[in-house]
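Asker: Sequence:
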Amino acid sequence: MRFPSKFSITRLNYMLNNKVAIFLSVFIFGLLFLVIPGFATDYSSTSFIVRDPVITIEGGLATSNSFTYFSSTGHTVLGRSISTSFNWYGGFLYFSDIFTPTLTATAGNAQVSLSWIESTSTFGYDVTSYEVGQSIVSGGSYTYTDVGNVLTATRSSLTNGTPYYFIIRVIDNQGDVIATSTEQTATPVATTSCGDGSCNGGETCSTCPADCGNCGGGGGGGGGGGGGGVIIPPPVATVNFSGKAYPLSRVIILKDGQMAITTIAGPDANFSASLHGLSAGNYTFSVYSEDNEKNRSTLFTFPVYVSGGSTVSISGIFLAPTISVDKEQVKKGENIAIFGQSVPNSEITIAVNSEQEFFEFVEADSDGAYLLDFDTARLELGGHDTKSKSAVGSQISPYSRTVSFLVGDKTVIKEGEAEDVACGGRADLNCDKRVNLVDFSIAAYWYKRPLSEAFKIKEINNLNGDGKIDLVDFSIMAYYWTG
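Just so we're aligned: 161 in the working numbering is position 161 of the sequence shown, and the numbers increase by one with no gaps anywhere.
If you are wondering where the hints come from, they were derived from the structure by calculation, not from laboratory data. Check before you lean on any hint, since a few could be wrong.
Heads up, simulated DSSO-like pairs for lysine-lysine below, C-alpha to C-alpha not over 30 Å straight-line [what the hints assert, rightly or not]:
id : residue 1 : residue 2
1  : Lys255    : Lys448
2  : Lys255    : Lys332
3  : Lys255    : Lys433
4  : Lys327    : Lys387
5  : Lys433    : Lys387
6  : Lys331    : Lys414
7  : Lys433    : Lys414
8  : Lys414    : Lys294
9  : Lys387    : Lys255
10 : Lys433    : Lys456
11 : Lys456    : Lys468
All of these numbers come straight from a predicted model, not from anything done at the bench.
Go ahead and model the full structure; you've got the sequences and the hints to work with.
Answerer: Set out below in structure tokens:
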């Protein structure tokens, strides 16, 4: 038997290795340039149809008796076209979104502390930093400082007694401004040593009775006792709230899970309210509202620190729209009505989630109501959900709660709420026929705290009935949860 030479074996190994290397190179190259088709919503009328208006997968030629159409590989150009019957928006920039930050300004001694809620985007934008704009005139012009990708900043070396105005700009990875908060104002104030509980400088009982226990008191003649003092209560704070809800709707503000104040929005959906007499400390505030059908918004929640004697203004609150559907199940090919309420004449974005996500745009009417008749022919059989958000100018609300529905072989009209969450039902702590985050916030406030007499009755009737709030009560809420 003849065996191959050492040279032949080496050559064979080289050829095999070379073929493997070529195969891997071609395979990896193919992966890098693999084209994955994208799909989009088709738009049509009696005279035209826009098919998959996002990306052209490949070039080609289409002809008919009346036209010839040439296409090439590429992305739809950015732009907008307008006619008397429809608008055409091309490119992804029109469908990106960014959540506008809510700014809080707290005055101190020669400084103002700023904090804001994170600005997030569903897709399209990448937030990399924030800029603080500062002015001594309402509306600017502003001097901007890039503070990085943080949610707090302190502006120091300010003049006490002078009002300052602030805004926050959101910056993307291209260095562009993609969102701007509403303006906040704060006036720095000088702090005084009197009343801080210690003897400072030349304090005496006559000059600062609040610190009398730590400062020298005036002695009385003829064996009389020392001079007395007056206890001055610590200064209290005020928090101002303002924003957008729904026309003539009731707006509820919770402090640490407890109802603190209510107000009524105006016909333009704007509201404002003030909470007085707050001690210095950290608080969690939540804001929600009800539309004209008694549907509730999601909670708009934010933490705030207030210092004694300060006034904190929280503006730019933009409550999410309410949303509902008219069918629990819809026969494929029939329409399902998606409706709710928001700010009058605002632009509503409605997202329908499926294997393919659809975005529809409608305008709210003068009462803030919106309606979309969505054609389910585009949806596959099975479960789907929808949500909405609102935009007014540069302000964009968060998304609403998510509402689910089925696409099947028959239509089932949506009925009212179930009886087990009726007013006074299990786990419904605020009697709104729902068990959701509002009830959870109320229960969370009493977690590991002594219950008030009024809440003891609710705990007995609606929860475990053992006179305390613990994990058993939260388990009951989870079972009856409606969202």
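Asker: Look at each hint and say if it fits the structure.
Answerer: Hint check:
no. : hint            : in the structure
1   : Lys255 - Lys448 : 17 Å, holds
2   : Lys255 - Lys332 : 45 Å, violated
3   : Lys255 - Lys433 : 22 Å, holds
4   : Lys327 - Lys387 : 15 Å, holds
5   : Lys433 - Lys387 : 21 Å, holds
6   : Lys331 - Lys414 : 13 Å, holds
7   : Lys433 - Lys414 : 16 Å, holds
8   : Lys414 - Lys294 : 16 Å, holds
9   : Lys387 - Lys255 : 27 Å, holds
10  : Lys433 - Lys456 : 20 Å, holds
11  : Lys456 - Lys468 : 8 Å, holds
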